[in-house]
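If you read the sequences in order, they're chains G and U.
Under the numbering used here, the first sequence is numbered contiguously, ending at residue 128.
Under the numbering used here, the second sequence is numbered contiguously, ending at residue 1280.
The set of hints was computed from the structure by calculation and includes no laboratory data.
The reader is advised that the hints may include incorrect statements.
[Said to hold, decoys possible] List of simulated lysine-lysine pairs, PhoX-like, C-alpha gap at most 25 Å: (1) K81(G) x K14(G); (2) K1206(U) x K81(G); (3) K1206(U) x K1224(U); (4) K1189(U) x K1213(U); (5) K1224(U) x K14(G); (6) K1233(U) x K55(G).
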Amino acid sequence: KQEVTQIPAALSVPEGENLVLNCSFTDSAIYNLQWFRQDPGKGLTSLLLIQSSQREQTSGRLNASLDKSSGRSTLYIAASQPGDSATYLCAVRTYYGGATNKLIFGTGTLLAVQP
Amino acid sequence: NAGVMQNPRHLVRRRGQEARLRCSPMKGHSHVYWYRQLPEEGLKFMVYLQKENIIDESGMPKERFSAEFPKEGPSILRIQQVVRGDSAAYFCASSPSGHRGSDTGELFFGEGSRLTVL
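From just these sequences and the hints, can you work out the full model?
Written out as structure tokens, the structure is:
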């Protein structure tokens, strides 16, 4: 059974700092991994999608890496801003020949960027 | 191209009533997933549907909950005889296909339906 864990559960940093959020998963047979952002009371915004064959993806100040063999992914946020404050969720999608394709979510990291 | 549309955004029900949540996937998407987010908890998978088929309902409670995705119209998550513990945010996601090689595998989420049971 796939389990996804995120560390730390909460993080507070001053504006401008670079930071890393961690995600680990127990079953390396994944199809892809997605990082999401969730603002309070809102839906999920997809940030980055990494396919199982890829090592990293970049979008603006965000960079996500994937090490499938060790069951780890990191989300790197450069030059953090107060607007980055949100909960960040990691989710893995496991492919079993089309029978099931659900995303399994991590517990999330609550990020607060102090002005 | 409109995103995943969920309604109602907020729903209040008294214990024992029924709740119906609707989800219209993105245009061209034929796969729908329902997730539940309890207060202070993560998102938990409930059910995965394709048109007229339930593919995986391993996350659905055994009683009172049902889901459908008819040939025409939105997907419906139905909760009968609601209890206070059903109060949560219910999120719907869609994807174009579930098969490797025919899509990126990215899921797109709606804004959610927040159910409050009094």
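For each hint, the structure was consulted:
| no. | hint | result |
| --- | --- | --- |
| 1 | K81(G) x K14(G) | 16 Å, holds |
| 2 | K1206(U) x K81(G) | 23 Å, holds |
| 3 | K1206(U) x K1224(U) | 15 Å, holds |
| 4 | K1189(U) x K1213(U) | 13 Å, holds |
| 5 | K1224(U) x K14(G) | 20 Å, holds |
| 6 | K1233(U) x K55(G) | 29 Å, violated |
Checked against the numbered hints given earlier, the structure breaks only hint 6 and satisfies all the rest.
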